[in-house]
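J.: Sequence:
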Amino acid sequence: MGSYLQELKMRKTIKAASAFALTALLLLLFPLAASSQSLEAADFFAIDEITNVSISPDGAHIFRVHQKEFSSELNIMNLGTEEVVENWRYRGGANSSQFSNVVWANEGRIIYSIRQPLLTARDSTRLSLVWWAKNLDGSNTYQLTDTWNDHNIYRLENILPEDPENILVIGHSRRYRKSGGRGDSLRIEQGSSPIAYLMNVNRRAAIVLSRPTGRGAGLNLKEIEKSPLEGGMLHVDNSGNVRIAISRKGGRTSVLVKKESNSAWENVTSDFEGIDGNRLQFVRFSGNNKSFYLLKYSKHRTIGLFEYFMQDGRLVEIYSHPEFDLKNSDLVFSFMGNEVIGVRFWGDLHEAVYFSDNPDVQVNRWLDELFATNLVRIDSVSNDGKKAVLFIEGPREPGTYYLLEVEELNLKQVGSVNSELVMENLAEAEPFLVESNGSVRIHGIYTESVESRPGQPTVIVINGERDTLKYDRLSQYLAQTGYSTIHVDIRGTDGLVYENRPNEVTDSMIAADVNAVLNWAKQEGLTSDGKVCLWGQSEYGLILLHQMEYLGSGVDCVVADSMVFGPEANEILADIQANLASIKVPVFLSTGGDEPEIPVRQIRRIRNGLIDNGTKVVWFRERYRLAEIRRGELVEEAKTFLDSHIGFEN
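If you count the sequence shown from 1, you need to add 362 to reach my numbering.
One thing to keep in mind: the hints can contain errors.
Said to hold, decoys possible - In silico DSS-like links for lysine-lysine, alpha-carbon gap of 27 Å or less: (1) 946 with 978; (2) 652 with 430; (3) 611 with 588; (4) 611 with 621; (5) 661 with 584; (6) 621 with 652; (7) 661 with 748; (8) 588 with 621; (9) 588 with 620; (10) 689 with 584; (11) 748 with 689; (12) 611 with 496; (13) 652 with 689; (14) 584 with 496; (15) 689 with 620; (16) 584 with 621; (17) 661 with 588; (18) 978 with 884; (19) 496 with 748; (20) 611 with 661; (21) 832 with 689; (22) 430 with 946.
Derived from the structure by calculation, the hints contain no laboratory data.
Remember, predicted model here, so these are calculated numbers, not experimental data.
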């Protein structure tokens, strides 16, 4: 037996010994679900999850956003009585009306937006076309911005603790964009200067019945300042003063700052010169408003954390990893929110690094130890820093929200990403690390089948999205139905300098990584002869077909799941068609994506050519679009394909 399996058994023993203590510590607000577990794919892929939990400024209430397949709910819970005091619902499908951005305006009023078809920057948090507000009891529901009269997209920039009547927002001009014949979508108009407004949370927008010719603000918006730069973003300090203007144009980022709240703009662009020009991302001001945190490229050519001191123009690197990028959600703040005290991120494994003597570091270390192998994220904190909402996720943890009483170190569960799953019935899942050619490290998660026995079939899953060592629905479903899975993070997709690497990763390099994992799995006893299938999602389904002649002989079937690709798809499809003889194992085909990026006739030629060569082929719902079916249906069809080729009965 390989050393990895021995280590896995040891981890199970340790987990079993500590499970009782952890259960006793976590005081659940809700009764445990029944211990039975359905094995249908729909249970794992259902749209039924709590997506946002946040505590009120006074720590007396939390709100929870619950997204379902045909509705979206927002409820308010009183933490003292543990009762839901208000519940609001929008009905509609997964792609229609949903509660999107939801924030506390003050202790008694909530600001929210309804899902809009916005095409914006990657980080569109708190950005919407229309904002609404309502009191905790449901009264005074007002539309705060109007689609035509305001003629802007608004991002909530700062909740002003000293002014519960107003929120500082940044407005952007918007424009329409045709979206492939399926209606119009919206995006921020490039080149327009953002404007800072005070938005009154208790006043209605100026509603008009026709589109105006000019661009004005609604009655509840008071213009504060317009950016001196074209495009980009304005940022304010903790007191609500506009202090930073950032805009990227022509491959360069311009940065203007006000050293004091009432001083003139100064151009400090040269202070940020470095790798990749001077690209940067603002994070937030420090507690004293004299400096601000930002993310930019470090000396390692990875994205790291920096602090910029506005008075003397010093740029200080706080932390960077030599191989992994940081992003905003990786930063750990003090509970008062005025200092970055550390970082948590998925690296080779779960990594947590602290660089402060703030007492809150000890609380965070306790959380890291308590939820070992999982990633802890602090989502919201009360104004006094005594209560916080945490989000926990990991290889075997779909995502659970907890309320933390900081001083007492008390935890209570207040929501789950997938409340239908019975946690104790989930399969064991552990991260792994494989070295390929001595220089490339390949990460992933091994999920052991719940009915492990000799001749175990194994599915190696290559994901098409940016990967992390988190819970994977597909792997858990397959593990419940007789398959162990090895979920692989191909180089460039796991945060490993993600912004730089994808264009450098070739199909042959991906094939080398897959072969390295195949060899490792065989050495560790994780696979059985005749019982291995590759499952490539998104563009990786196409890449697997393209590289079959270079993959090892230990592959017994291939699932090309929801194939999409970019401009080079035609060339790759032509190569596949010209080398069909290299594909000698059964293939499951499914094309997908919201756009018809894979030419159907070429897939049909590939399918027909494989059949002519005597290769078994299944094409799931020819010509379908991924958005038009439920994910669970596709997975169940693919699982039937697996059963017929590598299942226990074969």
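J.: Taking only the CA atoms, is the gap from residue 661 to residue 588 under or equal to 27 Å?
T.: Violated, because 34 Å separates the two Cα atoms, which is more than 27 Å.
J.: When you check the alpha-carbon spacing of residue 652 and residue 430, does it fall within 27 Å?
T.: Outside the cut-off at roughly 44 Å; violated.
J.: With a cut-off of 27 Å on the C-alpha distance, tell me whether residue 652 and residue 689 pass.
T.: 23 Å, holds
J.: When you check the alpha-carbon spacing of residue 621 and residue 652, does it fall within 27 Å?
T.: Roughly 8 Å between the alpha carbons, so the hint for residue 621 and residue 652 holds.
J.: So if I understand the rule, the pair passes when the alpha-carbon distance is 27 Å or less; does residue 748 with residue 689 pass?
T.: 26 Å, holds
J.: Starting from residue 611, check that the Cα of residue 496 is at most 27 Å away, please.
T.: The hint is violated at about 39 Å.
J.: Run the distance test for residue 588 versus residue 620: straight-line Cα separation, threshold 27 Å.
T.: 14 Å, holds
J.: Under the criterion that the straight-line Cα-Cα distance not exceed 27 Å, is the pair residue 430, residue 946 satisfied?
T.: 42 Å, violated
J.: CA of residue 584 to CA of residue 496, is that 27 Å or under?
T.: This hinted pair holds, its Cα atoms lying about 20 Å apart.
J.: Is the hinted pair residue 978 and residue 884 satisfied, with a Cα-Cα distance of at most 27 Å?
T.: With Cα atoms ~26 Å apart, residue 978 and residue 884 stay inside 27 Å; holds.
J.: Does the structure keep residue 661 and residue 748 at a Cα separation of 27 Å or less?
T.: Roughly 37 Å between the alpha carbons, so the hint for residue 661 and residue 748 is violated.
J.: Quick one, are residue 661 and residue 584 close enough, alpha carbons at most 27 Å?
T.: 43 Å, violated
Violated hints, in rising order: 2, 5, 7, 10, 12, 17 and 22; the structure is consistent with all others.
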